[in-house]
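Visitor: The chain contents come next:
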Amino acid sequence: MKKTLTINLANQVFHIDEDAFLRLRVYLDRIEGHFADTNERSDILSDIETRISELFSQRITQQKQVIVIQDVEEIIRIMGDPAEIGGGDQAETKDYARVSKPKRLYRDPDNRVLGGVCGGIGQYFKIDPLIVRILFLVVFFGFGIGLLIYIILWIVVPEARTTTQKLEMRGDPVNASNIGNFVKDEFETVKKNFQGKKK
Amino acid sequence: MIMDLENVKAQMRKGVLEFTILAVLSKGDAYATDLLNKLKESELIVVEGTLYPLLTRQKNAGLLSYRWEESTQGPPRKYYALTEKGREVLKELQASWKGLIDSVNSLVNQ
Chain A
6 MKKTLTINLA NQVFHIDEDA FLRLRVYLDR IEGHFADTNE RSDILSDIET
56 RISELFSQRI TQQKQVIVIQ DVEEIIRIMG DPAEIGGGDQ AETKDYARVS
106 KPKRLYRDPD NRVLGGVCGG IGQYFKIDPL IVRILFLVVF FGFGIGLLIY
156 IILWIVVPEA RTTTQKLEMR GDPVNASNIG NFVKDEFETV KKNFQGKKK
Chain B
385 MIMDLENVKA QMRKGVLEFT ILAVLSKGDA YATDLLNKLK ESELIVVEGT
435 LYPLLTRQKN AGLLSYRWEE STQGPPRKYY ALTEKGREVL KELQASWKGL
485 IDSVNSLVNQ
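Chain order of the listed sequences is A and B. In this text, residue positions in the first sequence follow the numbering used here: the first is 6, and each later residue adds one. In this text, residue positions in the second sequence follow the numbering used here: the first is 385, and each later residue adds one.
These are computed hints drawn from the structure, not numbers from a lab. Think of the CB as a built atom: it goes at the ideal place given N, C-alpha and C, for glycine as much as any other residue. There's no promise every hint is true.
Cut-off 20 Å, straight-line C-alpha distance, at most; resulting in silico cross-link-like pairs (EDC-like, lysine to aspartate or glutamate) [stated by the list, open to error]:
#	chain 1	residue 1	chain 2	residue 2
1	B	K398	A	E78
2	B	K462	A	D86
3	B	K443	A	D86
4	B	K393	A	D86
Partial chain B-side listing against chain A, Cβ under 10 Å, derived [said to hold, decoys possible]:
#	residue
5	L423
6	R441
7	G446
8	T467
9	K469
10	R471
Bound conformation, chain A alone (with noise of 0.2 Å):
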């Protein structure tokens, strides 16, 4: 048994899996995220979506009521990553200067041997956080206020909870590719810790 949801898409009624539902809502935020210029992209959007109703449509039988995460994989071969349908090669440009944004300092929660303040330090400079944790350490036993600094670090950094956060902790723009991308890998991760431990 699975649960399903209900979609609406291109004003067609489509019942679709959960999973697939979730492939397929990435890869919609992605082409998104493509087109920078808003006239555009609505355009182009809705025109995509149309076409995937119709080629979920023919999907559709009887016997197959469902939407399932093999149809939505096939379809995006069908209809191709955005990197391929390309067009949006000087629309991205613009997307990155306008949403661009500096840096900050986050604690890195998904790189942490105490409160991840190494790993954002990491993170926020490019260099490798085992790095940062030898300088740390030297500091402390050397000159005796490497752990009042870290505990200090510790108490100011804020942590890197959202997408968004994260994404500013790496320096990455934050754009509906990105955080398209972002929630992918996410996803391939769990899916991935969930199929080790099926093992």
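Position chain B relative to chain A; hints supplied.
Guide: Coordinates of chain B only, in the frame set by chain A:
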């Protein structure tokens, strides 16, 4: 240096795609899926998504217009048609295409 052959082929297709869209539409109005089928038959398009940004840009440039038509199955269809400006651009492209073929042929067959 090893050339990325697939990339060169893709660039070649890309260059003529806008021209072929106009040429196909000059023979009669069509909706996106008709166009897709024709372009895929002649192997000008690999992934379908390529078509939509081109159609939207040609429409915004005033080369195409569109109208909605009800469909017996699925959502309403967006039928594209060439505008007067589109026909003029097509004429120019046809002329430069002939010129291009002649020069390429004369170089290749030398």
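Visitor: Are the Cα positions of K462/B and D86/A separated by 20 Å at most?
Guide: violated, 23 Å
Visitor: Taking the closest Cβ pair, is L423/B under 10 Å from chain A?
Guide: Violated. Min distance 13 Å.
Visitor: For the hint on G446/B, does the least C-beta distance to chain A fall short of 10 Å?
Guide: Since chain A brings no Cβ nearer than about 14 Å to G446/B, farther than 10 Å, the hint is violated.
Visitor: Does the closest beta carbon of chain A sit nearer than 10 Å to the beta carbon of R471/B?
Guide: Violated, about 22 Å.
Visitor: Within 20 Å, alpha carbon to alpha carbon, are K393/B and D86/A?
Guide: At roughly 18 Å apart (the allowed maximum being 20 Å), D86/A and K393/B satisfy the hint.
Visitor: Under 10 Å is the threshold here; is the Cβ of T467/B close enough to any Cβ of chain A for the hint to stand?
Guide: Check failed: Cβ of T467/B comes no nearer than 16 Å to chain A, outside 10 Å.
Visitor: Is K398/B within 20 Å of E78/A, Cα to Cα?
Guide: violated, 25 Å
Visitor: Is the interface hint satisfied for R441/B? The criterion is a beta-carbon contact with chain A at less than 10 Å.
Guide: Holds - the Cβ of R441/B comes within 10 Å of chain A, reaching about 7 Å at its closest.
Visitor: K443/B and D86/A: Cα distance at most 20 Å?
Guide: violated, 23 Å
Visitor: Regarding the hint that K469/B lies at the interface with chain A, is the smallest CB-CB distance below 10 Å?
Guide: Check failed: Cβ of K469/B comes no nearer than 18 Å to chain A, outside 10 Å.
Of the hints listed earlier, those the structure fails to meet are numbers 1, 2, 3, 5, 7, 8, 9, 10, in rising order.
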